[in-house]
Amino acid sequence: MKPTESETGTEEEFSFGTTQSDVEVTTADRLRNFYREFIYKPGLVAWEDNRTRIGATILAVYVFIGTVGTWFYRAPTTNQSERSIQPFQTMEAPLGTTSSGEDVLAMAIHATPEMLIMILSGGIFATGLAVLIGTVAGYKGGTTDRILTTFSDVAMSIPGLPLIMVLAVVVSPERAVVIGILITINYWAGLARSIRSQVLTIREHSYVEASRTMGVSTPRILIKDVIPNIMPYVLVNFANAARYVVFASVGLYYLGILPTSVANWGIQLDNAYSQAGALSGGGTMYQLVVPMIAIMFLALGLILLAQGMDRVFNPRVRTRLAGESRGEAEDDEDNAAPTEVMT
Amino acid sequence: MNNYYLKRTGRAVLTLWVTVTVTFGLIRAIPGGPLEMLRARLVRQGVDPSRIDAIIQSRQEESQPIYVEYYEYMSSLLSGNLGESFYFREPVSNIITDALPWTVFVMVTATIILFAIAIVWGAIIAYKEGSTFDTVSSGLSILMSSIPFYVLGILFVVVFSYRFGVFPARYRTSPGVTASLSIPFVGNVLYHAALPIASIVITQVGLQTLAMRGNSIQVLGEDFVRVARLRGLPDRRIAVRYVGRNAILPMYTGFLTLIGFNLGGSVILEEIFTYTGIGYYMFEALINRDYPLMMGIFLVITTALVLSVYIADLTYGLVDPRVKSGDSSEAY
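Protein chains in written order, with this note's numbering: chain A, -16 to 326; chain B, 44 to 375.
For the record, the hints were derived by calculation from the structure and aren't laboratory data.
Take these hints with a grain of salt, some might be off.
In silico SDA-like links for lysine to any residue, alpha-carbon gap of 25 Å or less [unchecked claim]: (1) Lys207/A to Phe71/A; (2) Lys50/B to Gly173/A; (3) Lys123/A to Arg51/B.
Same shape as in the complex, but just chain A (with noise of 0.2 Å):
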């Protein structure tokens, strides 16, 4: 395997989940067991990569401004402050204020907590239900296949943004969870496409065939042996999905098509690029950068992590040139236990 899975692999190397069932485990143990080989590590070894690590820092900037910091940083009012500040001149506003006198650091520190949420709602739902419906129609086959592939392949065609557009018009959704889902109402589709080719390759496997003559229910090889295969992949693709969210909740925010009830960096974008026409640009510049530099850090941490990631557990990628790779593959397919791929 890889050379970090003798540093994290240390003990129970081969125990399957299913011999696991026959003697009694209790919740606590499921859920240490559940933790280290779901968190612990991949963690672990997501962490030795550098963007990771940037990456992940950069979402816990973000998690705590949008929980503590919205908490210390008043809201913004119209005429909080004199009109038209300019960034560092007061330390009332220090990102200056907009024309009708706004604090421009408190829209976007305050803009972050529902961002937070939309992009937590539309990663779940889109890795959730991709999840769902690309091992189901992988594993199964058939009738039941054909039938969810057709489904996300028409799902996958019709263009997400104009949809979603469409869908805000007629819906017009206020709450933030609502607007997450409605963004990836199709972004899944692809996704569940590329687990099902994966999972088609996976359900040949050795020991899924062992537990299949073993009589263990479908929903039960699903969850034990074929998605922890392909959890790595769906946690990459969640922070894709994050970012998708970030991109389309922004621009449909700018052209106004949302309620405009929430803050949201995209309202300030729209605002600040209305009057930088009007005023024939560069005293309003300070207001489009601020929220700029907030949706580009955001995207930025989420491209990070899911390339750290991706990095780490994408064979593909860990490929290397000549001699080292071919060590690598051969190590790969030599033990192959379902507890292994993980890491």
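Starting from the known structure of chain A, fit chain B onto it as the hints suggest.
Chain B in isolation, oriented as in the chain A frame:
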């Protein structure tokens, strides 16, 4: 194999049918529905209130069962009739035929340029994997992909158009320029399209470069490349024939899908640059609740995406002879 083409065609038709049905449903799900829209329009035109009520009344009596409406909607679509825009007071199909070529021009040009850059850049990075050039390039790619294209577009307009005035901030051509195949006209078109194209290329080239890098590294690790090296083939031949071809293949489908994706993104991009393509009209339709125009453009964009993916799937076998036909898997 023939069976595959048949199935694939069936799926494309099915997708279009589903989309049309969804739009039909959506139009009817809109609060108020078409009759309210008609009422609002008549009020705007200053028609006498009692007459409006009479008109609405007669329309309501006229309104047919849903399947008849559905049938009429389908047949009018098939004959190319997309209805009339409330806001522009023009047939939707006229607006689309005027606007579509411009959007397609911008998006296809941008996508071709960005793929050309990504393929060359990604391949070079792959050869120098692990070097400083690789680190810097990969970092730069990631950094560029973290900017949404519309943010860069806004920045471009503010900096290049408003501040320095070197590029136009709006429209497809300068006012008064007549369409012809002359150099001034083409130059003017390119001049206006430069910023939109640049903002797409710069923000999307990064991820494609990284994809190309990954593909190339994978191919470089394959046995047949080593055999080619052992045979003493010239490096150039290996780079183009052995590595390049195989690394580009997986990107072919991505190319056509990205064009389709960008057609959807044009709504935001063209609003920023006031570039009057279909995206701009879609935006106008959304803001003014002009449902016929909105649905018409939505259908056109969907059709474009479905067709491009369809073409990608059908021609992939020609590009990559190793392609497996749709295998039916055993059911468990």
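Here's how the hints hold up against the structure:
{"no.": "1", "hint": "Lys207/A to Phe71/A", "verdict": "55 Å, violated"}
{"no.": "2", "hint": "Lys50/B to Gly173/A", "verdict": "19 Å, holds"}
{"no.": "3", "hint": "Lys123/A to Arg51/B", "verdict": "22 Å, holds"}
Checked against the numbered hints above, the structure breaks only hint 1 and satisfies the rest.
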